[in-house]
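Protein chains in written order, with my numbering: chain F, 1 to 585; chain U, 586 to 763.
Think of the hints as simulated: they come from the structure by calculation, not from any bench.
Among these hints, one or two may not hold up.
[Said to hold, decoys possible] Cut-off 35 angstroms, straight-line C-alpha distance, at most; resulting in silico cross-link-like pairs (DSBU-like, lysine-lysine): (1) F:LYS559 <-> U:LYS667; (2) F:LYS194 <-> U:LYS667; (3) U:LYS667 <-> F:LYS141.
If you're wondering where the values come from, they're calculated on a predicted model, not measured in any experiment.
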Amino acid sequence: MPWMNRATADRVKFEFKDVEVEFTKHTTNLHVKQERLIDLMKHLKEKEGYRHFIDHTCIDFPDTKERFQGIYILYNPDTNERVIVKTWAKEGKLPSLEKLWACARWAEREAYDMFGIVYEGHENLRRMFMWEGYPYHPLRKDFPLEGIPEVELPSLTELYAGRTDPPSHDFELVHTRVPTLEDLERTEKARLQKKAQLVLNWGPLHPGTHGTIWFLFDLDGEKVVQSDVILGQLHRGMEKIAENIYYFQFLPYTDRMDYISAICNELSYATAVEKLLGVEVPEKARYIRTMFAELQRINSHLLWLGTGALDLGALTVFLYAFREREKIMDIIEGNAGFRLTSAFLRIGGVHYDLAEGTLDVIKAFIKDFPNRLKEYHNLLTRNRIWLRRTKDIGVITREDVFNYGLTGPVARGSGVPYDIRKLEPYAAYDEVEFDIPVGEVGDVYDRYLVRMEEMVQSLRIIEQCVAKLEKLPKSAPYVNKEHPAVMSPKEYVFMDLEDMVKNFRIVVHGENAPPGEVYSSGENPRGELGFYIYSTGGSKPYRLRIRSGALYNLSIFPKLIQNGTIADAIALLGSLDPVVGETDR
Amino acid sequence: MAMLNSNGFVLTTVDELLSWGRRNALWPLTIGLACCAIEMMHAAASRFDLDRLGVIFRASPRQADLLIVAGTVVNKVAPMLKLLWEQMPDPKWCITMGGCASAGGPFPTYSTLQGMDRIIPVDVYIPGCPPHPQGLLYGILQLQKKIKEKGVKKYDKAFEEFKKDMEKQGLIAREITV
Ligand code: SF4
């Protein structure tokens, strides 16, 4: 995806004299003073067409005077260009952009939670992931990854069984702080002021919430007057981990973010790192990546279909969808050696060559799957109950797509053809043919149809990849092992001294990345998964920001459910399809 | 110990009968926390079909006697899980599925609970990240074995009380030898 062109940059510079424009290798950055931020953003949104909010985050530079730098990433859907706006916080304060983009509210809450930056003008600046009363701001550079141990928590298993010698458990007795139920109650009270009859807690441990999202509904009878979403019940500190390990070591962690589409995550991450390191990927690897990413997309949509239908009472679809999922899982397991969190990709290629017979199995799957899809359509598409539950529920307008930074099938369901695979092709997406299905109304039913059609398109892509891979010789390289930052495959390591030394060096010292910054994203089943990497050189990123599609897609939920009923919340949530591992990270 | 005598009767102790019933009808609570939960769903779905073992997921802690902790337990969710555990009636068991729930797994971070056993006692730990559904099946079989060998008295305060009551009323079951 191109970045802001020079003509536009000059126009902006003409309007705003004190804006500094910086063209880096991978991005275009506008530096602006904190006081002028809102004006500039307003100008970019209204005059220049940068109306799609992609992401906001901060970077902590403890040695500089202002310390925190705010980063905003915007997208212009007319010219297909992105831009990064940067500004320094003043005395730990930034202005809130929630009047311009509604989803900025959530991004700002997160930055407040993680960095302690105060946003002036925010309607309810609360902690996003941690609980009220948690005293630290974890993403600050002076906070340790493993936290600050302060409470004694012994292993109860050991307490019951008695301590043996040597001990059966090896653990640190002192543990980081765990909230009490009162803390959680305070968190809940801080989020929502009761206006109507009663506040209903939905989740966090409720099967319908797709994980551990905690919803608060202020109800008047069955009508939802207002609602809020509390996240953080799966906040594992991914971004902090990324700052503390080497680039290649973080790859398995991306699997565990959106665990339903592991390979798509890996692909987005590997693409970003390869951009930073300047690694070319061989043709075969690109096709293998594309093929598996699309298999994973089908896999993910099947899970959405199964659980979404299950939530609305259709148990059969769940069992059917999982039957097909098992087939895909087997294909993935046969190649990567793992079913779910596969870690199949590597920086510079893929871990293994295609296993014997993979293409035959995939061909059989391609042949069989359209019939299965027909089964699902028969069960649901014209089903009267299904139509009643999904038609005209949760309608998202086109403006809201931009306002809330929606991406993926949720954006496409409202008729916005935003698909990174077309707009900024990565892997082999520019060499295969496929269409982008879009909806018309933007209700739950449209999003359902879009996802169903996406599976058909994925099949098309896989078919082309199989045809291509059959033509490529078996000896074609599947990883770019000539590059100094790419690890050699195992079969070379044991045979060749040079490869062994190289791998040894990378494992011990990490890849040596040049200083610079990259924002690169991939089209995940749950929307745009972006990685913003800020490197100051060396083998670890200085800051790695994960732009989660699921988080932004979820941010429209409180608006959509307003004046709806509780029953609609379930259908609506299913259609937004968040995965908590990615929203909370 | 159950045995068959010459008249075709099966003779057993009440304890043994109860334990047999319990271990073959473990009803877990429907809770998924993270990636491992997907594998748990797979274990329950078409291919691996947990129902065969009498394992049927229940949505209410009041009806459940097994807590399968599938996924990363972060500090914030720990007190809620503990609450659910306390809401489950005795006798009850706990299986931790995956590295995260067992010991923090790949997340030695500020926000993650380093092992479920810090807040509730655990009976079976299943390693893996995530464990294969077969791993979960194996874990459940292990738990059945454990119940068979150790009985149900371990965390069973209510049952103890009940027994004491029975003793007081002179209704305690005696070993019957054949
Ligand atoms: S053990 Fe692995 S798969 Fe399971 S929840 Fe933890 S990270 Fe996810």
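Hint by hint, here is what the structure shows:
1. F:LYS559 <-> U:LYS667: holds (33 angstroms)
2. F:LYS194 <-> U:LYS667: Holds, at about 27 angstroms.
3. U:LYS667 <-> F:LYS141: holds (33 angstroms)
Violated hints: none; the structure is consistent with every hint.
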